[in-house]
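Novice: Please put together the full structure from these sequences, using the hints given.
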Amino acid sequence: MRKGQTTVEYMLTISVVSIAIVVVMYAMYGMIRQQTTSLGGSLATSLTTDGVQGAEQ
Numbered sequence: 006m007r008k009g010q011t012t013v014e015y016m017l018t019i020s021v022v023s024i025a026i027v028v029v030m031y032a033m034y035g036m037i038r039q040q041t042t043s044l045g046g047s048l049a050t051s052l053t054t055d056g057v058q059g060a061e062q
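Per the working numbering, the very first residue in the sequence shown carries number 6; after that it's consecutive.
Please note that the accuracy of each hint is not assured.
Label pairs and their computed distance ranges (CB to CB) [unchecked claim]:
1. Val-29 with Ala-49: 23 to 31 Å
2. Leu-52 with Thr-12: 50 to 58 Å
3. Thr-41 with Val-21: 27 to 35 Å
4. Ile-19 with Thr-53: 55 to 63 Å
5. Thr-12 with Thr-53: 52 to 60 Å
6. Thr-41 with Ser-20: 44 to 52 Å
7. Ser-20 with Thr-54: 47 to 55 Å
8. Tyr-34 with Gln-10: 31 to 39 Å
9. Ala-49 with Thr-12: 44 to 52 Å
10. Met-36 with Gln-10: 48 to 56 Å
11. Ser-20 with Leu-44: 27 to 35 Å
For the record, the hints were derived by calculation from the structure and aren't laboratory data. For each residue, glycine too, the CB sits at the ideal point set by N, CA and C.
Specialist: Rendered as structure tokens:
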């Protein structure tokens, strides 16, 4: 085994895993954005209708 060989192998492995994570996140971007918007809307509705934040200011 040459000196530094395992370091290069680890770096390649980490690079491949990082790229795979980015690809999965990019593929799921639309769904994540839609769900985040939906969650924000339901939380805003909950805050105003349950009296936590009222319009009577």
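Novice: For every hint, state whether the structure bears it out.
Specialist: Hints versus structure:
no.: 1; hint: Val-29 with Ala-49: 23 to 31 Å; in the structure: 29 Å, holds
no.: 2; hint: Leu-52 with Thr-12: 50 to 58 Å; in the structure: 52 Å, holds
no.: 3; hint: Thr-41 with Val-21: 27 to 35 Å; in the structure: 28 Å, holds
no.: 4; hint: Ile-19 with Thr-53: 55 to 63 Å; in the structure: 46 Å, violated
no.: 5; hint: Thr-12 with Thr-53: 52 to 60 Å; in the structure: 56 Å, holds
no.: 6; hint: Thr-41 with Ser-20: 44 to 52 Å; in the structure: 29 Å, violated
no.: 7; hint: Ser-20 with Thr-54: 47 to 55 Å; in the structure: 49 Å, holds
no.: 8; hint: Tyr-34 with Gln-10: 31 to 39 Å; in the structure: 37 Å, holds
no.: 9; hint: Ala-49 with Thr-12: 44 to 52 Å; in the structure: 50 Å, holds
no.: 10; hint: Met-36 with Gln-10: 48 to 56 Å; in the structure: 41 Å, violated
no.: 11; hint: Ser-20 with Leu-44: 27 to 35 Å; in the structure: 33 Å, holds
Consistency note: the structure conflicts with the earlier hints numbered 4, 6, 10.
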